[in-house]
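Chains as they are written, first to last, in the numbering used here: chain V, 22 to 386; chain Y, 3 to 314.
Everything labelled a hint here was simulated from the structure, so no lab data went into it. Among the hints, a few may not be true.
To be verified - In silico contact screen, one side only, chain Y against chain V (beta carbon under 10 Å); selected entries:
1. Ser255
2. Asn264
3. Thr302
To be verified - Over 12 Å on every C-beta distance to chain V, these chain Y residues come out as not near it, computed from the model:
4. Glu14
5. Gly51
6. Asp66
7. Ser80
8. Ile132
9. Arg147
10. Ile191
11. Gln194
12. Met310
Said to hold, decoys possible - Result set (DSSO-like, lysine-lysine): computed pairs, CA atoms no more than 30 Å apart in a straight line:
13. Y:Lys8 - V:Lys231
14. V:Lys44 - Y:Lys111
15. V:Lys164 - V:Lys99
16. Y:Lys311 - V:Lys237
17. Y:Lys71 - V:Lys44
18. Y:Lys71 - V:Lys231
19. V:Lys237 - Y:Lys200
20. V:Lys231 - Y:Lys311
21. Y:Lys270 - V:Lys242
22. V:Lys377 - Y:Lys270
23. V:Lys377 - Y:Lys254
24. V:Lys237 - Y:Lys254
25. Y:Lys269 - V:Lys377
26. Y:Lys270 - V:Lys372
27. V:Lys231 - V:Lys120
28. Y:Lys270 - V:Lys235
29. Y:Lys142 - Y:Lys17
30. V:Lys120 - V:Lys81
31. Y:Lys278 - V:Lys188
32. Y:Lys110 - Y:Lys29
33. V:Lys81 - Y:Lys269
34. V:Lys237 - Y:Lys270
35. Y:Lys29 - V:Lys185
36. Y:Lys71 - V:Lys235
37. Y:Lys270 - Y:Lys8
38. V:Lys99 - V:Lys169
39. Y:Lys269 - V:Lys242
40. V:Lys185 - Y:Lys142
Backbone N, C-alpha and C define an ideal beta-carbon position, used for all residues, glycine too.
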Amino acid sequence: MAKFKRDKNERVLSIRDLNISFKTNFGVVRAIRGVRLDLFQGETVAIVGESGSGKSVTVKTMMGILDSNGTIESGSIKYRCFDKDGQLQEFDLAKMPQKEIRYKLCGKHIAMVFQDPMTSLDPTMPIGRQIMEPMIEHGYATKEEAAKRALELLDEVGISEPDKTFKQYPHELSGGMRQRVVIAIALACDPDILICDEPTTALDVTIQAKILEKIKEIQVKKNISVIYITHDLGVVAKVADYVAVMYAGRIVEKGNINEVFYDPRHPYTWGLLSSMPDVDTDSERLFAIPGSPPNLMEEVIGDAFAPRNPYALKIDYREEPPMFDVGGQHRVASWLCDPHAPKVELPEELKVRIAKMKKEAGIND
Amino acid sequence: MTETRKPLLHVEDLKQYFRISRRQVTKAVDGISFDIYEGETYGLVGESGSGKSTTGRAIIRLYDPTGGKIIFDGHDISGRLNKEDASYLRTNMAMIFQDPMACLNPRKKVKEIIAEGLEIHHLCNSQEEIDEKVNNILDKVGLSREQATRFPHQFSGGQRQRVGIARALVMNPKLVIADECISALDVSIQAQVVNLMKDLQDELGTTYLFIAHDLSMVKYISDRIGVMHLGHIVETGTTDEIFENPIHPYTKSLLSAIPHPNPIVEKKRIALTYNKDELGVDYTAGHEHVLSETHKVLATDEEFEKWMKGEI
């Protein structure tokens, strides 16, 4: 399994103008509407959004497991990797047949950890064999080598008695242990990209922290790129280098983690940050974004967030905002960032909160 | 303060065991005691498997408790229920469940779902009265009257949870048990539902038993908190006491596990671990230590001394 080293700043994956729609009995749902995102070597990208915002659909396309009623209408997902001889190869995952992606890339190059560890493990197979399976299947190792490697992997993901766990079945393990096993399986073939789709929502807070720390540790050690999908901004703050906030199938704000958290520009991000319960403040009411997400079955005119946005401008109802460059890696799709737009101040409560966060973090400005 | 207020619910040494096989018994709830006063919100937190949901279900008598006493507003509702107590319990205590899709009958209209309790207990004399009550509660939870004739699948998750709340509140119960009622919802919707529950409490004076695993959300809604672990309440106190001055190492580990949306600080922070066996903590050996009138910790004498000095 000789791997060829990549440079730190090399682009591993680049998504350009991706559009995906689903045919349903009630009409066509435009789930992804022009997503553009890059993933660099060794970097962690977090995609944040509510359910139905299209974050899972984006990564499912990369894995070739898009549901059968979904079609990629346009756009490209360029993935670059080295083949066995060290030749740089480029694949366009949006054009490749799904079967070919699964055969050539899944497991070997791109691996995924799903939300619920119970449904992603085979209940009739011992843990050890499930970890050995991908290695043998992809022809990376013989049975003996695979067994040895499986024990190493179990140790790596923080299971205290690998020998014992190797022979156990999934139902004998606790939720946190199961998720560790799933991560071990994902890492079995040394992938370049690890996709974690809400890896900790099914787990308790105490175990969640441990799992996130473990993934981080492994990532640094192996220099792999990780894509997190989550709706929990606390998790994002802990793990991500780069954040993309999705709403109704579009990325509305993206940037370096510090840019987005300490200087959010999109009203939706404001709403998300203020609706996080804060342990330190004593305010009686929690801020809530009014209304609910739009129905993507209907054509979205203008900014999809406008009806829920107290800062909406007139143009928001007519025209979709482009991505504005607001400095650094920070891009925002909101008309408020247009030079002609009126100056809108952050909500008072969020301002206080960010000031406090900056103070804690030791940033002065 | 405590003497003047009358407990609405008094739970004493509640035990709920489940027999798995002839030899094996799971002690899901193992002798817990607490009081809930009228008009307040009591938050019960703990990891999965700590017995917090079982406690809620045993109190509303979805299970038959193995032992202990539950006094609800002067009525003893533990043991065999007589007809009078049963009907008092069923009309004055209600529950909101975790998964709003699974707890609503998919074949019934929302109006019928909400009115079901009223009909079963014969609380209304005429159809008009039922309609009026249903419409009132729909207004209160922020659903429109036209939506009452729809089916549960036509709603979004947040709206469905509102239906669940409406169903629980339509009979004007004294105590509502909310079992993880926001965990299945999105972050922005969670805030809406929590605010709604708070508003309704101010308006109707309902008492809540709020069960959750997310300590940060519990902080917003609760007046007092009980921390559960493996069937025992290890620490209980007012929200401030728990957050400002946690004594039990398990409470500390729960507090440290809450993720903060502050990237620079959060990246450096490592959550505390709590392992009961490593520390040698035996819940059955400990007894309640009283710090203040409201703040109590379950510990043995030695442990208590050690923890008070800040050691773990």
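Okay, the hints, checked on the actual structure:
1. Using the Cβ-Cβ criterion of 10 Å, the hint placing Ser255 (chain Y) at the interface with chain V is satisfied: the shortest such distance is roughly 6 Å.
2. For Asn264 (chain Y), the interface hint holds, since its Cβ comes within 10 Å of a Cβ in chain V; the closest pair sits about 4 Å apart.
3. Annotation: interface hint on Thr302 (chain Y) violated; nearest CB of chain V at approximately 23 Å, more than 10 Å.
4. Taking the minimum C-beta to C-beta distance to chain V, about 28 Å, the non-interface status of Glu14 (chain Y) holds against the 12 Å cut.
5. With a least CB separation of 8 Å from chain V, Gly51 (chain Y) falls inside the 12 Å interface cut-off, contrary to its annotation.
6. The beta carbon of Asp66 (chain Y) sits about 27 Å from the closest Cβ of chain V, which is more than 12 Å, so the claim that it is off the interface holds.
7. With a least beta-carbon separation of about 30 Å from chain V, Ser80 (chain Y) lies farther than 12 Å from that chain, consistent with its non-interface assignment.
8. Every CB of chain V is more than 12 Å from the CB of Ile132 (chain Y) (nearest about 28 Å), matching its label as outside the interface.
9. The claim that Arg147 (chain Y) is not at the interface with chain V holds, since no C-beta of that chain comes within 12 Å of its own (minimum 18 Å).
10. Its closest Cβ contact with chain V, about 7 Å, brings Ile191 (chain Y) to no more than 12 Å, contrary to its assignment away from the interface.
11. Consistency note on Gln194 (chain Y): stated as away from chain V, yet its beta-carbon is not over 12 Å from all of that chain's, at 4 Å minimum.
12. Every Cβ of chain V is farther than 12 Å from the Cβ of Met310 (chain Y); the closest lies at roughly 23 Å, confirming the non-interface assignment.
13. Pair hint Lys8 (chain Y) plus Lys231 (chain V) does not hold up; C-alpha atoms about 42 Å apart against a cutoff of 30 Å.
14. Under the criterion of a C-alpha separation no larger than 30 Å, the hint pairing Lys44 (chain V) with Lys111 (chain Y) is consistent with the structure, at around 28 Å.
15. About 34 Å separates the Cα atoms of Lys164 (chain V) and Lys99 (chain V), which puts this hinted pair outside 30 Å; it is violated.
16. Using a Cα cut-off of 30 Å, the hinted pair Lys311 (chain Y) and Lys237 (chain V) is violated, with the two alpha carbons roughly 34 Å apart.
17. Straight-line distance between C-alpha atoms of Lys71 (chain Y) and Lys44 (chain V) comes to about 56 Å, which puts the hinted pair past the 30 Å bound.
18. For the hint pairing Lys71 (chain Y) with Lys231 (chain V), the CA-to-CA distance comes to about 38 Å; that exceeds 30 Å, so the pair is violated.
19. For the hint pairing Lys237 (chain V) with Lys200 (chain Y), the CA-to-CA distance comes to about 38 Å; that exceeds 30 Å, so the pair is violated.
20. With a C-alpha separation of about 27 Å, the suggested pair Lys231 (chain V) and Lys311 (chain Y) falls inside the 30 Å cut-off, and the hint holds.
21. For the given pair, Lys270 (chain Y) sits about 17 Å from Lys242 (chain V) by alpha-carbon distance, which is consistent with the 30 Å threshold.
22. As the CA atoms of Lys377 (chain V) and Lys270 (chain Y) are separated by approximately 17 Å, the hinted pair is consistent with the 30 Å bound.
23. Restraint check for Lys377 (chain V) and Lys254 (chain Y): the C-alpha separation of about 23 Å stays at or below 30 Å, so the hint holds.
24. For a cut-off of 30 Å, the pair hint linking Lys237 (chain V) to Lys254 (chain Y) stands: about 23 Å separates their Cα positions.
25. Of the pairs offered as hints, the one joining Lys269 (chain Y) and Lys377 (chain V) holds, with about 17 Å between alpha carbons and a cut-off of 30 Å not exceeded.
26. Restraint check: the Cα-Cα separation between Lys270 (chain Y) and Lys372 (chain V) comes to about 23 Å, which is no more than 30 Å; the hinted pair holds.
27. For the hint linking Lys231 (chain V) to Lys120 (chain V), the alpha-carbon distance of about 35 Å lies beyond 30 Å, and the restraint is violated.
28. A threshold of 30 Å between alpha carbons decides the hint, and for Lys270 (chain Y) with Lys235 (chain V) the separation of about 14 Å falls inside it, so the pair holds.
29. This hinted pair does not check out: Lys142 (chain Y) and Lys17 (chain Y) have alpha carbons roughly 37 Å apart, beyond 30 Å.
30. As the CA atoms of Lys120 (chain V) and Lys81 (chain V) are separated by approximately 13 Å, the hinted pair is consistent with the 30 Å bound.
31. Between Lys278 (chain Y) and Lys188 (chain V), the direct Cα distance comes to roughly 26 Å. Compliance with the 30 Å bound is thereby established for this hinted pair.
32. The hinted pair formed by Lys110 (chain Y) and Lys29 (chain Y) fails the criterion: a straight-line CA distance of about 37 Å is larger than 30 Å.
33. For the given pair, Lys81 (chain V) sits about 28 Å from Lys269 (chain Y) by alpha-carbon distance, which is consistent with the 30 Å threshold.
34. In summary, the hint linking Lys237 (chain V) to Lys270 (chain Y) is supported, as the alpha carbons are separated by about 12 Å, within the 30 Å threshold.
35. For the given pair, Lys29 (chain Y) sits about 26 Å from Lys185 (chain V) by alpha-carbon distance, which is consistent with the 30 Å threshold.
36. Note on Lys71 (chain Y) and Lys235 (chain V): the hinted pairing is violated, with a Cα-Cα distance of about 44 Å set against a maximum of 30 Å.
37. Distance check on the hinted pair: Lys270 (chain Y) and Lys8 (chain Y) sit about 46 Å apart at the alpha-carbon level, beyond 30 Å; violated.
38. Proposed proximity of Lys99 (chain V) and Lys169 (chain V) is contradicted: the alpha carbons are some 34 Å apart, above 30 Å.
39. Distance check on the hinted pair: Lys269 (chain Y) and Lys242 (chain V) sit about 16 Å apart at the alpha-carbon level, within 30 Å; holds.
40. Note on Lys185 (chain V) and Lys142 (chain Y): the hinted pairing is violated, with a Cα-Cα distance of about 55 Å set against a maximum of 30 Å.
This entry does not satisfy hints 3, 5, 10, 11, 13, 15, 16, 17, 18, 19, 27, 29, 32, 36, 37, 38, 40, going by the numbered hints stated previously.
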